[in-house]
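> Each chain, written out:
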Amino acid sequence: MQMRHLYSAFVAACTAVLIFAGGLVTSTESGLSVPDWPTTYGYSMFTFPLSKMVGGIRFEHTHRLIASTVGFLIVVLAVWLWRAESRAWVRRLGYIALAAVIAQGLLGGLTVLFLLPDPISIAHAGLAQIVFGLTMTIAVVTSPGWMTGYARWGSAPDDRALQRIAVVTAAIVYGQIIVGATMRHTGAGLAIPDFPLAFGHLIPPTWSQPIAIHFAHRVGALIATTSIVATTAHAFYHHRQRMELVRPSLLLLVLLTAQITLGALTVLTGKAVLINSLHVVTGGCVLATTIVLALRAHRARFAQTLGGVVRQDVVAGPEGTAYTIPSRGHV
Amino acid sequence: MSVRARTLFLAAVIAAAASVACGGGETQPASAPPPAAAPVTNPVDPATAATITGTVTLEGKPPTAEPINLASDDYCAKQGSKTTRTFVVDGRGLQNVFVYVKDGLGNLKFPVPTTPAVLDQQGCWYEPRVFGIQVGQPLDILNSDETLHNVHALPMANREFNRGLALKGLKFTTTFTAPEVMVPFKCDVHKWMNAWIGVVAHPFYATSAAGGTFSLKGLPPGTYTIEAWHEKLGTMTQMVTLGAKETKPITFTFKV
Numbered sequence: 000m001q002m003r004h005l006y007s008a009f010v011a012a013c014t015a016v017l018i019f020a021g022g023l024v025t026s027t028e029s030g031l032s033v034p035d036w037p038t039t040y041g042y043s044m045f046t047f048p049l050s051k052m053v054g055g056i057r058f059e060h061t062h063r064l065i066a067s068t069v070g071f072l073i074v075v076l077a078v079w080l081w082r083a084e085s086r087a088w089v090r091r092l093g094y095i096a097l098a099a100v101i102a103q104g105l106l107g108g109l110t111v112l113f114l115l116p117d118p119i120s121i122a123h124a125g126l127a128q129i130v131f132g133l134t135m136t137i138a139v140v141t142s143p144g145w146m147t148g149y150a151r152w153g154s155a156p157d158d159r160a161l162q163r164i165a166v167v168t169a170a171i172v173y174g175q176i177i178v179g180a181t182m183r184h185t186g187a188g189l190a191i192p193d194f195p196l197a198f199g200h201l202i203p204p205t206w207s208q209p210i211a212i213h214f215a216h217r218v219g220a221l222i223a224t225t226s227i228v229a230t231t232a233h234a235f236y237h238h239r240q241r242m243e244l245v246r247p248s249l250l251l252l253v254l255l256t257a258q259i260t261l262g263a264l265t266v267l268t269g270k271a272v273l274i275n276s277l278h279v280v281t282g283g284c285v286l287a288t289t290i291v292l293a294l295r296a297h298r299a300r301f302a303q304t305l306g307g308v309v310r311q312d313v314v315a316g317p318e319g320t321a322y323t324i325p326s327r328g329h330v
Numbered sequence: 000m001s002v003r004a005r006t007l008f009l010a011a012v013i014a015a016a017a018s019v020a021c022g023g024g025e026t027q028p029a030s031a032p033p034p035a036a037a038p039v040t041n042p043v044d045p046a047t048a049a050t051i052t053g054t055v056t057l058e059g060k061p062p063t064a065e066p067i068n069l070a071s072d073d074y075c076a077k078q079g080s081k082t083t084r085t086f087v088v089d090g091r092g093l094q095n096v097f098v099y100v101k102d103g104l105g106n107l108k109f110p111v112p113t114t115p116a117v118l119d120q121q122g123c124w125y126e127p128r129v130f131g132i133q134v135g136q137p138l139d140i141l142n143s144d145e146t147l148h149n150v151h152a153l154p155m156a157n158r159e160f161n162r163g164l165a166l167k168g169l170k171f172t173t174t175f176t177a178p179e180v181m182v183p184f185k186c187d188v189h190k191w192m193n194a195w196i197g198v199v200a201h202p203f204y205a206t207s208a209a210g211g212t213f214s215l216k217g218l219p220p221g222t223y224t225i226e227a228w229h230e231k232l233g234t235m236t237q238m239v240t241l242g243a244k245e246t247k248p249i250t251f252t253f254k255v
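Chains as they are written, first to last, in numbering that gives the first Met the number 0: chain A, 0 to 330; chain B, 0 to 255.
These are calculated hints, taken from the structure and not from any lab test. Keep in mind that a hint or two might mislead.
Result set (SDA-like, lysine to any residue): computed pairs, CA atoms no more than 25 Å apart in a straight line [as the list claims (entries may be wrong)]:
#1 A:K51 / B:K81
#2 B:K231 / A:I210
#3 A:K270 / B:F171
#4 B:K216 / B:L107
#5 B:K170 / B:V117
#6 B:K60 / B:L232
#7 B:K190 / A:G41
Some, not all, of what chain B presents toward chain A, calculated at C-beta under 10 Å [stated by the list, open to error]:
#8 C75
#9 K77
#10 D139
#11 L141
#12 S143
#13 T146
#14 L147
#15 F160
#16 G163
#17 T174
#18 C186
Covered stretches of chain A, going by a simulated chain B footprint (3 or more residues, C-beta under 8 Å) [what the hints assert, rightly or not]:
#19 32–43
#20 116–124
Glycine included, every Cβ here is placed at the ideal spot set by N, Cα and C.
Full structure from sequences and hints, please.
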């Protein structure tokens, strides 16, 4: 179980790297520097000479190679879960992640072949975050902490308010990512050229479709910020002893601060490539952290609704303490 | 063969014969609309053909050409340093301005050249940067560089395409099906590579050369709208009336 957890955490980390590489492709406008797919200038993707990786090809082809690697890692993960995981719903998560990464690869190919149509490119960006969220979910639910019900800090709380607000926050953050992807792929990233104001006003004095999309992303940032602050404040206030909730809450606030800063800098630097790409991957990390928080907030309900503990073992805890863990079953 | 069978066979033969005689059974409209006036092909009479000669000038100081970072491709870097080519100015003359007859040719139809126009990728530039082509005329796109290029056309009225030319000496040929001024081209591998092609339905177009000069030859007498297009400065138009065998000078002055 420990190895599965470490491996799925590694896959999730690789998926974040892949999202960053994808961000570099769009930030450098290199998406069509390789016009064919799945081949690269007629070569097999894996035999394309390094000497020919020039200009925009460096970004696009590297993205394809990382994507292939992540795809392979997820195949291994799905097979591993299928062979070794006792919980059917976790096995299903592996299958869903596999299907999602295959669909993601196809969307990536289609968007190249159809010359980056906005709907396909936006779907590609949106599904990337879902793949990241799925791998992160698998990493969480295979972790020793999850398996023990985070017992070292007492019994997991069943706080319905936190559960609801955490899920709503994750949904808001995902919606904000989709609006951001729409802004990015429709070329509206600098439709409002100043920050924090919009053309010197709180509300843009003039409107067009790009301005509306860009402004929606800014409004979305406000909503997401409010929701994240409310969620983390709830976790700090009501569950300050529960490190499995406090830690992702702290991380969420750090990531949120970084993400707002990167968003502002993206505008103020005229979409500097590195800042713009970091904004994309940090958005993914915010989403992943809200998912972790939401999952951990639901931990008590998983045990109740999915059959609870089949067998319990006594395990040594920190500083000579001992606690019981479910060794298998639907947790 | 029975009487009934013979009757059926005869009826089938008659029906088939009638079908062939009537042109395969196609129905004719009861009253066809009157045909539109047929376009006149190759209508220019050399005895009366007129010419527009002109100059494109630039008023004001153009922005300084910016150096281009070629570090992403060693081959391109070895071709020598490059600066942006948005404004190519010779004295006051502005080069790379596409000048063409925008309106005034009415229903005239012109022969389509079979000689291909050529867009070359040479020294990590598109050569030429701005030029014209007729609808239906072949366009050869070449790679004369020892590096990879992709050729990405972004038209609005024609079909967008993106083709890779991975090796020196490769080429592909395409045509445009609709007039469009201008069709932008870019290389996504080398961001500084841009070209624009004016696709028109007639042969009366030119690109301003050294000194900003251009000429439109062989025009039938008449009144025309002439448009000049520049990649950064946009378009200007003026009306010109030409008499038989007349040569009329015009000037477009862009301001920065």
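> The segment 116–124 of chain A covered by chain B? Criterion: 3 or more residues, Cβ-Cβ distance below 8 Å.
violated (count 0)
> Keeping to a limit of 25 Å between CA atoms, is the pair of K170 (chain B) and V117 (chain B) held or broken?
At roughly 10 Å apart (the allowed maximum being 25 Å), V117 (chain B) and K170 (chain B) satisfy the hint.
> Checking hints one by one. Is C186 (chain B) an interface residue toward chain A, by the C-beta closer than 10 Å rule?
With Cβ-Cβ at 8 Å, under 10 Å, it holds.
> Taking the closest Cβ pair, is S143 (chain B) under 10 Å from chain A?
16 Å, violated
> Taking the least C-beta to C-beta distance, is D139 (chain B) closer than 10 Å to chain A?
Nearest chain A Cβ about 18 Å off; hint violated.
> Are the Cα atoms of K216 (chain B) and L107 (chain B) separated by 25 Å or less?
Satisfied, since the Cα-Cα distance of roughly 16 Å is no more than 25 Å.
> Check the hint pairing K190 (chain B) with G41 (chain A) against an upper bound of 25 Å on the C-alpha distance.
Status holds; Cα separation ~22 Å.
> Using Cβ atoms only, decide whether T146 (chain B) comes closer than 10 Å to chain A, and label the hint accordingly.
It holds, given that the least Cβ distance between T146 (chain B) and chain A is near 6 Å, below 10 Å.
> Are C75 (chain B) and chain A close enough, Cβ to Cβ, to be under 10 Å, as the hint says?
This hint holds: C75 (chain B) lies near chain A, its Cβ roughly 8 Å from the closest one there, short of 10 Å.
> Is the interface hint for G163 (chain B) satisfied, with its Cβ closer than 10 Å to some Cβ of chain A?
4 Å, holds
> Next item in the hint list is T174 (chain B). Is there a CB on chain A closer than 10 Å to its CB?
At about 19 Å, which exceeds the 10 Å cut-off, the nearest Cβ of chain A leaves the hint on T174 (chain B) violated.
> Against chain A, is F160 (chain B) within 10 Å by beta-carbon distance?
This interface hint holds because 8 Å falls under the 10 Å limit.
Hint violations for this structure: numbers 3, 9, 10, 11, 12, 17, 20, all remaining hints satisfied.
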